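Colleague: Chain residues, written in single-letter form:
2 protein chains.
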Amino acid sequence: MNTSDSSKFPLVVIVGGGFGGLQVAKKLADKPVDVLMLDKHNYHTFQPLLYQVAMGGLESESIAFSLRKNFDSQKNFRFRIAEVLKVNADKNTIETTIGEIAYDYLVIATGSTTNFFGNKEIEKFAMPMKSIPEALNLRYSVLQNIEEALLKPSREEREPYLTFVLVGAGPTGVELSGSLAELRNHVLNKDYPELKKEDMKVYLVDFLPKVLGPFSDQASAAAKEFLTKMGVEVLLGVKVESYDGDEIKFEGGKTIRTKTVIWSAGVMGVVPEGIEKENIERGNRIKVDSVCRVIGTPNVFAIGDVAAMITDETPKGHPGVAQVAIQMGAHVGKTIIQLINNEPTAPFKYFDKGSLATIGRNKAVADLGKIRFQGFFAWLVWMFVHLISLLGGRNKVIVFINWVSSYINYNGGTRLIIRKFEREGLTEQEHLPVTVD
Amino acid sequence: MNTSDSSKFPLVVIVGGGFGGLQVAKKLADKPVDVLMLDKHNYHTFQPLLYQVAMGGLESESIAFSLRKNFDSQKNFRFRIAEVLKVNADKNTIETTIGEIAYDYLVIATGSTTNFFGNKEIEKFAMPMKSIPEALNLRYSVLQNIEEALLKPSREEREPYLTFVLVGAGPTGVELSGSLAELRNHVLNKDYPELKKEDMKVYLVDFLPKVLGPFSDQASAAAKEFLTKMGVEVLLGVKVESYDGDEIKFEGGKTIRTKTVIWSAGVMGVVPEGIEKENIERGNRIKVDSVCRVIGTPNVFAIGDVAAMITDETPKGHPGVAQVAIQMGAHVGKTIIQLINNEPTAPFKYFDKGSLATIGRNKAVADLGKIRFQGFFAWLVWMFVHLISLLGGRNKVIVFINWVSSYINYNGGTRLIIRKFEREGLTEQEHLPVTVD
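Just so you know, the protein sequences line up as chains A and B, in that order.
With this note's numbering, letter number 217 in the first sequence gets 217, and the count goes up by one each step, no holes.
With this note's numbering, letter number 231 in the second sequence gets 231, and the count goes up by one each step, no holes.
Think of the hints as simulated: they come from the structure by calculation, not from any bench.
It should be emphasised that the depicted structure is a prediction, and the values quoted were computed from it without experimental measurement.
Take these hints with a grain of salt, some might be off.
One copy or two, it doesn't matter: identical chains are merged, so the pair holds either way.
To be verified - Under the rule of at most 16 Å between Cα atoms (straight-line distance), these lysine to aspartate or glutamate pairs were calculated in the EDC-like manner:
hint : residue 1 : residue 2
1    : K152      : E100
2    : K196      : D72
3    : K210      : E281
4    : K86       : E148
5    : K201      : E157
Chain A on its own, in the form it takes in the complex (with noise of 0.2 Å):
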């Protein structure tokens, strides 16, 4: 792919359309750059409501945007959908599925997918979250099993279909086993009438003492509490050992019947070949000097959660958080054009806005600094926060009516099977004339 013929501007091409790689794009809008962005889907996700899609909150089209849409009026802007196969540094070239594309400026903006630590086993059988069809999958599972469950004759039989476990107590998992629980208290009876409340068990599991680990102890607490009330069981200081698809172990040998387990446990960065391997650091994250820029290279920049800036401030890098993503890319669309007109170029420094974690109707945590809260107020401000950083007026439109549909019934959202959800070697098909009561 060449694109230039059409212009004498330098190219920039951003590998991703994430948080990161869009502010890079914006930022140069106008500017005497040729901007092309890849990315695997034709969207945008917006991951913070991920699990609201796959809860069936959410249509997932809602937090989903079009790219293309995006940067309509952009001039400067192109995108195809490709998958970056290999970077050669040093001949500026990208392989893609779509070819080969010769770069001026490289923005690797790939971010994260789950980290199952190389359990294979764990891998094929735990659910992951981090896209928008894993959470469609999610769902229709989620529904396929208690469907499933309704065809069992006995409560022994039932129960691993209606037990659901959540590794991972970081905001994903409080959000999910928060939505998981509120599932089972204010629907599963209704659309259900055969279950009762009591026939659902939800689980969250961290090997850590706390859920939320990064946050204040304040907001750990509050988080606890709060999911605690709504019937979730807490499993702290527990170490998961191997999931079959039937039954999870733990280290010290307690075991949980299930046919869910919902891994957000960890990320690691997604790299394409061609980095070297002495620029990847720990959870798979490319080291990058104090611009972004991957380090040994004039023209690569690396940002968000395939980044890791290493400094005395931040020995581990940055959070993989979204603020720190849109910051990066702002930082580097400026940098790019200081180095294309010899200016000097500064340090990045990142501005902890602070974080939010909801844990459902009316129960959110809120650490902004030193001003923390916890309950109704920190919901809404979760809530605000969230809607207008979603992309679009329409998109902005249809979650907050949902939003509000949700909260009035205690019973909206969407939970549809729209297309089955299959796992090879899974889904046995043991249906025999069953009594239901």
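Start from chain A and add chain B according to the hints.
Modeller: Below, chain B alone, put in the same frame as chain A:
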């Protein structure tokens, strides 16, 4: 499956949660019967708006409604996800994917599917659009083809990816070709600045000499004029001979190179096994008597698209439209109660409320008995009727917002490829480095 333990009421099994099945269940609320509905999906599909899902105007969840939620408050209603494999009318049971079920009354409301009239090649390569998964496949396929066109170096090579042929000029074909023309006229160059309006072609083909066959001549002529003005090439009195995925051939020798043929040229009833051969009519419909009872059975009914009620007034049966299914459903609900009470039953009478079809922005046609009108006012009526018919307040509001947003923008909707559509043998990966200018 046995539901007799819990109740001594007769069990009415309804197969299918479409327009007809819903009405039967509703009419049986608070009556001395148990109702069991089976459907392969856990939602009702509002088929009249399927084409908007296919064209990215609406998210799939806004035209689907949970069958469980719809009957949350109906105490005698049960639901299971299941498909019927066979009807054993002699012993009053059905065999299903979840086991054998004994019924007292059975209502077959399985609807219709796409009829390819036995042409296996067309079935393999053309796109049907009768369900939400099929509509999504169509959306993804259209968008993927436009993306693919961008990778082709010459106009000649791009052409088949940007040419869309609709076979069947009924309401579905008219609505789809109108939407594709609007995509071409208002969106194409904005979303894909490399492409011009003139690069995309939309054909609407029918072997009949008019569009909207069953409508008045006035409506047909208006629809054709609307389409032509929007840039759709309408080819009438033309019969399709073959389609191999690359080229569609018509009787007489004309051919069009296209990667997308959308087939809405006919439907056929979905008839479970076990129905006597001599009771199957043209179009794969089940012959029923004047109360929609399958000929020769005392307690098995068929309604809607899968039923053929042949009388002197309706020598070909009723048209395959939602209104027929709705009215038959209500009638059968009433009839079952009359049979249980040993009361006399009345023959079904169809009340034709009229027909509506939309072509695009401000453009629709309405045949309401003798009252016929076309254009803006028909379009308002069309929107109003469809909006009030949608299940669920949330869906109504969300569809309304989508429509308002699209009306203001000329560029609304959700053109997202959430899951890539892949057809075996069709998508060759022939991506070589290409030049984009």
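Colleague: Now tell me, hint by hint, if it's right for this structure.
Modeller: Results for each hint:
In this assembly of identical chains, K152 and E100 lie within 16 Å of each other by CA distance solely across copies; the values are 15 Å between and 54 Å within a copy. Taking the closest pair of Cα atoms, K196 and D72 come within 16 Å of each other only across two copies (14 Å); inside a single copy the shortest separation is 50 Å, beyond that limit. Taking CA atoms no more than 16 Å apart as the test, K210 paired with E281 passes in neither setting, with 26 Å inside one copy and 67 Å between copies. Neither within a single protomer nor between protomers do K86 and E148 lie at most 16 Å apart by alpha-carbon distance, with minima of 44 Å and 21 Å respectively.
Taking the closest pair of Cα atoms, K201 and E157 come within 16 Å of each other only inside a single copy of the chain (14 Å); across copies the shortest separation is 56 Å, beyond that limit.
Checked against the numbered hints above, the structure breaks hints 3, 4 and satisfies the rest.
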